[in-house]
Each structure stands twice: as C-alpha cells, then as structure tokens.
Amino acid sequence: MKSKLSFADVSFSYGEKPIVQHFSLQIGQGEFVSLIGPSGVGKSTLFQLATGLLAPTAGTISLNGEKERTLLGKVGYMPQKDLLMPWRTVAENAALPLEIKGVDKHASTERVMELLPAFGLKGWEHAYPDQLSGGMRQRVSLLRAVLAGNDLLLLDEPFSALDGITRMEMQEWLLGVCERLGTTIMLITHDIDEAILLADRVLVLAQTPLTQAIEVPILLPRPRRGEHRYDPAFLALREEIWRILQERRAQSGEKGRWQAQ
Amino acid sequence: MKGWAQGRTIGWFCISMVLLFLIWESVCRLFSLPPFIFPRPSDVLLSLWELREQLLGIHLWVTLREVVLGLVLSILFGAGLAMAMHMSRLVERIVYPYIVISQTIPIIALSPVFILWFGYDLSGKIAVTILFTFFPVVVSLYDGLRAADPDMIALLKTMGASRRQIFLKLQIPASLPHFFSGLKVAATFSVSGATIDEWLGASGGLGYFGRRAAGNFQAPALFASVLLLSLAGIALFALAAWAEKRFAHRHTHNQ
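Chains as they are written, first to last, in my numbering: chain U, 103 to 363; chain F, 1172 to 1426.
Treat the hints with care, as some may be off.
[Said to hold, decoys possible] BS3-like, lysine-lysine: derived pairs with alpha carbons at most 25 Å apart: (1) Lys1355/F with Lys176/U; (2) Lys203/U with Lys1340/F; (3) Lys207/U with Lys1355/F; (4) Lys207/U with Lys1328/F; (5) Lys1340/F with Lys176/U.
Don't read these hints as lab results, they were simulated from the structure.
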C-alpha cells in the first residue's frame, strides 16, 4: 500500500513538557485510522502536527512519501466545532478552501454543487448555518474539509457534540461517503464503537508523552454497515480496546503514585 | 412578523410622545409658566413653523454638513487607526493610551483651542465632531477585529490562508456587528459634537441659532432648534441601524 501520511521518529514538546516522543506512524492511501484515548493525552497535538499548525521539534512528517516544507493547505481538517461562518451560506462556507486556493468562482461553485447531494445538502445551498440542524452543520463542515483536503482528511471528534441518535446516523452516513470518495481518513474519537465501526485500524493512545500507539487491526468486512455493531467480532474488539485503555491507565496511575512518594 | 413588531414599537413611541406633550402643555397652562422660561410645546411648534426658513433653510444644513463630514472622516480615520492597531502590537501599545486619554479631556475646554487652530469655519467644527466620534468607532472596530474565534483562524491556516486572507475573509466580517454598535453611538454623539462647537463660536448652524435665541430670551426658538437637533440625531442613528441591517445581516446570529 502506498503511504499517504507518515510520522517518522517525531517528537514535540511544549516548553519543557514532552507531548510526543519518537512517535512513528504510517497511514496508507485510502486507509481509515481511528485514534482513541482519554482527553489530554495529546491526540490533538498529533493533528496539529499533521495539519502543519505545529512543527515537530524532531523527526519528519511526510505526505505521499515526500517531506513537505509546510503541510498547511495540504490536508483537510474537520474540527470538533463546525466553525461555519454565520454570514456565509452553505455553498459559500463549503467553497471557502477553494476560494483561499484561488480557484475561480465559477469552477468552485460547480465543484460544491456537484458534491452537495452526496452530503445530503441538495437544495440547502443558499441556507445559512443557523437554519441547519446540528447534523447538517457537521456535514457542511465535512464537505468543506473534503474540498480543502487533497484526499487526506483529519476528523477531530467530529460527532461528539451531536445527540446519540444523530451521531449513529452520521457514522453510518460517513461510512457510505468514505467508501464512495476513497479518501484517506484519520479520526480522533472518545467513542470506542465509533472508532471500531469506521476504521481499518484503531490506534490506542493511552499515555503522555505519546511514544508508541497500540494497534488494533479491525478485520470486519467492507462495505461496513451499522449492523456490524452487533457482530460478536465487534464486541470482542470493543472489549479488547477497553482492556488496553484500562491497563494503560492503571500503569500510568501506579507510576504517578510512585513518583509522588 | 418582524415588521409588525417594529410597527408596534413605533406606535407605542408615538402614543407616549403625544402623552408627554399633553402633560407638558397642561403643566405649563396649569401653573401659568412664562413662555420665556418654560415654553409650551405648542409655542415651540409655532416657533418652528414661523422660523422654518431660517431653521430648515439655513441652520439645519450648516449643522448637518458638519456632522456628516465629521462622521465620515471619523469613520475613515477611526477605521484606519483600528486596523493599524490590529496589525501592529507596537502601534497598539503606543496609540491606545492616547486614544483613551483623548476622551478624558473635557472637549468643551479644548474647543477654544480648536477655534484658534481651525478658525470659526467648517474645519474647526469637523475637528471637534471627529474628536467626539472617533473613540467609539476605533474601540468597537478594534475589539471586533480581535473577536474572531481563534479556532476559526487555525482552521483557515490549515487551508493555507495568508494573513491577508484571514483578515479579509474572517476578521473583517466578524468585526462588523461590533463596528456597527460603535457607529450607532458615534452617530448620536456627532450631533452633540457639532452643536457644542457652534455654541462656542460660529456664524451659522443650529447651535449658533440656539445660543442667539437663548441670549434674547426666545425660549420657544431655542427649543425649536433643540428639537431639530434631536431629530437629526435620531435620523443619523436610524441610518446607522439601517446600514447595520443591510451590511451585517446574519452577523448577529450565533454571536
């Protein structure tokens, strides 16, 4: 598999505090990888490194096998908050990354209109964000990320602000869209079910500084559907990931107490 | 629905105003207050009608010209200053304290100096109007420019946006609701600014007219000029509110 994004021996620290240490990761073209771990473990730092908002203190991050001078403008990022501009319509919000790249207005409108139906937003192009439901706003935000993204998307807890039912609907919808678009996706989540259902691999990140992620391959068949949630294999994976998280937490907790003495 | 609610607000305002005038009129009649001390509304309106050629034909326009020119220059000057402060920390550190200090000085006390510098004509009046109005413009726009969500700025950066693009596509539109709040304050201040300077020394304008009327114990004429000034202030406020609706539409949501 061709490598889309790779971290090679990457380290990053805020002042004295190391957040990421000698971290390596390979993500293949078209792969879907979920990152799961407790809050404050440094998952978002990994994303900020991957989008180019932060530069690693050591090591290299490469895109398509090449080391880039900057990753800004090369990766599609979808934040937890939808961050839609209230003064722009759905179509104008989605077209923002194209506008920034200097794509002409006609061509960018055409691209947006072409993708609207797949995102369930057909007929809503002239609506303003405050007229949309939470789920629709997240879909606009994802559409914007797709248009920004040169087929690599980083999704940062995209559905965590939605209610449980809408979240499950969005997960199943995302499965369909991903399989259709064939983009490479990295997803940060707190939700074990979401991590398993969507991904080819789950990376469990349990301690700061991040050193090595524990990989759990998800061997559920594709095309993936919502029903896979009730598969015995799914439940086994869920248990395994939960056990890893618990073990890691216990280890770091003991270490913490030992240090305190 | 919205138009109906607005119509109702205006309706209530008219009713309360008529009531106020009636009470005023009856108090004057009841206590037989001399008109040169406390004129009745009917005297004021009569005087407004009698002096319409002077008031509406000459003095209103003199004042409006000062106000509008002062306000426009104030917006240009204020917006320029706010943007310069936003772009450069150094400019902000140097300029901001002086902007605040400029507002702590009683402007009336400075007016004679302004007259000395700029003379009795238009430029002096405009200078005082600017002094009265640029503060709300600068502060509101400067705060507005800084109000953009930092996460939104980070998102634009991940799209490869330059500083200029972030400024034009995010910070300017995000600042508009703040800016218009400041503009509404400035619009009402502008009339006071021009009037005060006319009061202190001028050869025309409603402030000049009012002062002359006061000197001659023509209270109804003075009140007539004050009424016109108040209406001019209301009209400017309404204009700023209209511009806000027109240009900052949809900005007020989610803020």
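Check whether the Cα positions of Lys1340/F and Lys176/U lie no farther apart than 25 Å. holds, 19 Å
Given the hinted pair Lys207/U and Lys1355/F, is their Cα-Cα distance within 25 Å? violated, 35 Å
For the pair we were handed, Lys203/U and Lys1340/F, check the Cα-Cα distance against 25 Å. Measuring from Cα to Cα gives roughly 13 Å; hence the hint holds.
Would you mind confirming whether the straight-line C-alpha gap from Lys1355/F to Lys176/U stays at or under 25 Å? Since the Cα atoms of Lys1355/F and Lys176/U sit roughly 43 Å apart, the hinted pair is violated (cutoff 25 Å).
For the pair supplied as a hint, Lys207/U and Lys1328/F, is the alpha-carbon distance within the 25 Å limit? Holds, because 21 Å separates the two Cα atoms, which is no more than 25 Å.
Hint violations for this structure: numbers 1, 3, all remaining hints satisfied.
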